[in-house]
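Construct the complete structure from the given sequences, taking the supplied hints into account.
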Amino acid sequence: MDALLHFLPQVWFVILALFLFLYVMLDGFDLGVGILSLTSSDEERRSILMTSLGNIWDANETWLVLMGGALFGAFPLAYGTILSALYIPIFMMIFGLIFRAVAFEFREHSDRKLLWNFAFGAGSFIAALGQGFALGAVIEGIAVDAAGHFIGSIWDWLDWRSLLVALTLIQGYVLIGSTYLILKTEGELQKNHFRTAKLAAITTVTGAILITIVTPIVYEAARTRLLSPPLVYIFAVIPVLGVVLVGLLLRSLNQEEEVTPLIWTILIFLLTFIGLGLIVFPYIIPTQITIYQAAAAPSALVFMLTFIGVLIPIMLFYNIYN
Amino acid sequence: MDILSNTVALSRMQFALTAIFHMLWPVLTTGMSIYLVIVEGMWLKTRNPDYYRHARFWSKLFVLNFGIGVASGLPMEFQFGTNWAPFSEAVGDFFGSILGFEGAMAFMLEAGFLGIMLFGWGRVHPAIHYLATIMVAFGANLSTFWILVANSWLQSPTGGEMVNGKFVVSDYFQAIANPFMVKSVSHMFFATLETSLFVIGGISAWYILNNRHQEFFARSLKIVLAAAVAVTPLQIYIGHLSAEQVAHYQPTKLAAMEAKWETSPAGQPADWSLLAIPDEAAQRNSWEITIPNGLGYILEFKKNLSEPVPGLKEWAPSDRPRMVGLIYYSFRIMSGIGFFLAGLMLWSLLQWLLGNLSAEKIAQQKWLLRTWIFAAPLGYIAVESGWIVRCVGRQPWAMYGEIRTADAASHLPAGEVLTSLTLFTVVYSILFVSTLYFGSRIIRHGPNLELPIPGLDGQPAVDTEPATFVPDQRPVEAQQ
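Those protein sequences? They're chains Y and U, same order as listed. Residue numbers are given in our numbering: position 27 of the first sequence equals residue 27, and the series is strictly consecutive. Residue numbers are given in our numbering: position 324 of the second sequence equals residue 324, and the series is strictly consecutive.
Please keep in mind that the hints were generated in silico from the structure rather than gathered at the bench. Among the hints, erroneous ones may be present.
Dumping the calculated BS3-like pairs for lysine-lysine here, alpha-carbon to alpha-carbon at most 30 Å [what the hints assert, rightly or not]:
id, chain 1, residue 1, chain 2, residue 2
1, U, K60, U, K222
2, Y, K113, U, K60
3, Y, K184, U, K60
4, U, K60, U, K366
Listing some non-contacts, in silico: residues in chain Y with all C-beta distances to chain U over 12 Å [unchecked claim]:
id, residue
5, A3
6, L129
7, V246
On the chain U side, residues computed to face chain Y include the following (Cβ under 7 Å) [said to hold, decoys possible]:
id, residue
8, G92
9, G112
10, R441
Ideal Cβ placement from N, Cα and C applies to all residues, glycine included.
Dropping the structure here:
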């Protein structure tokens, strides 16, 4: 029974990480393309960028809805505490996503494409910024009392470290967006995206290195965990793998390969995710509330698992099929 | 002002505002998805090109509303965490799970079948396309189902109990099948359908009245009318059953719906208030028109009440809903619209039976058509009023009898909530106006009656990519 009490929250932690990863990868394309569209002065080019996402953005966004529901059901305490602590970044994200979505819908029927193209780009940027601040704040930790209720201030999430995370995430989205567009476009447009991908790869990696250095220095709890076995071995491997993958990515971009940049980018994100997951685990509100403290009753976790668990393979199959 | 520094009031206003706006879009798409199933089915059965073009035309309005519905729905889910953190923690085990199911199933619908339904014409086999259309309708209504399960459970919580401020669920299926569930789900199912029917009917009437594609739109008007013959009276009946369950489980809400301050004892008749000006400070109605002995007939179809009907004064002011006038009039607006639409249905049905709705004569029915145009937005107003009754009438409870709304809100600085509330007001107003603007553009542009028919002209309707075209395999006679 005790094993079950630990096992179920762990299962849900992994499922949530999976949802988050899929969301970041899939909507990362859309958001990255949106942010890129802001840098384009050419209306025709921007229209091509938007059209390439026309009928996939809403499916990608659904992973966010699903992740929200799963977090709500599996870790109700964390859902309330994290979201109310991150009130401003969460609503930045929501308003950004609303702008992005309506830009797609209304642009199709409108004569003034310029306005909606801008809403698409600006919405994507604001949404990514909000997500980055939220991620940064969660890694930093949220001020809670013994019961896990938020006791900090509404601006706690804003400091130079969460700004660093936010800027890095935006660069990461631009990287995914660029490698996606390399796959989807050709000719002059594609050449352009090899350039943006290279630029984004360098800025993303710089940000990631800074975060990797800063996190153990600033956060004692993270340092202790990172530097004691067995995690220390894993964390020794991750940077090495990271360097190898970044090298492969830059090489594929230099050789103007079409498919491989996207694959390396996905693997870099996966590696980052595993690293982050290991830093955070077993906390859901680092470093105060563990997944075991925040979890719903075991019966609730089983109940959700039977319904959503059955759907996960189907949803994964559909995404791969697409 | 006091309210501007009250976080609970501001969070409530924000939830109400986002819910009222958000609902406008899925109400139409959920009901219209069923209409799309009907016309596509009729196309497959009769192979009459008009039905195909109806499916294509209305799906333009469908997809416009669908996208905005997805976007405007995001804050609904996240607000439970941001603005109602203590509530989320207390009810997450069940309520959160249900929202998770809704998300997962909405995904199945959106990712899986909407693309095929919108872009699959001529590219996939007609049977597969029809399956996609059915699955979109099924998914949309499944979403309604889960949302109504979650809300009904807050109205009549079952399947567990509160332990140390957290609802511990002992039986999930009992919680799903809570007392409110069946009637609430049915009431909302028919509400979305009825709203969409009268939107489609109203737009069709507008075309006919303006001498545009009269035969084409006489067809949709008749489909809508045929459906309304069943839907409008059924909805009134389910509404009556819903009021009965409110009387049984939420007497404070019923008292507010009727602006009833004094208790009426059992075994006697009681007056029914038709119109009133409730005065909350004085705990009475300062002006009133009543129908003598009406209450018994309305609740039980007989003169004498078999059970006492308690008035608001039975409860302390802190234990009963406020804004009695809002609840009282919202209920009357909703019911009034229900009867009005049923009356319009009867009038139209009579003209149909008299043969006045044929393609040649329908344009002469000017007042009937004008009434249909007038009725187009009424369904929305009824749905919104109904939800105001349901949720304002539930107060002061977030979860009826268990969690007070005042205890459910996050402890946020009022300024933050005021800021997000203001932003939502601006953004959702823009969404609303834009949808009306672009929707009316689609309508003014009208249907494309030149659209090639897949399976008849031997060419796919969408020719952007090479497609595996499957010709109609049936004998020629059946294709006509």
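Hint check results:
1. U/K60 to U/K222: The given pair, whose Cα atoms are some 20 Å apart, holds under the 30 Å limit.
2. Y/K113 to U/K60: Measuring from Cα to Cα gives roughly 19 Å; hence the hint holds.
3. Y/K184 to U/K60: holds, 27 Å
4. U/K60 to U/K366: holds, 27 Å
5. A3: At roughly 21 Å from the nearest Cβ of chain U, Y/A3 sits farther out than 12 Å, so the non-interface label holds.
6. L129: holds, 16 Å
7. V246: Since the minimum Cβ distance to chain U is about 32 Å, Y/V246 lies beyond 12 Å and the statement holds.
8. G92: holds, 2 Å
9. G112: U/G112 check passes; min Cβ-Cβ to chain Y is 6 Å, inside 7 Å.
10. R441: holds, 6 Å
Figure legend: structure checked against the earlier numbered hints; every hint is met.
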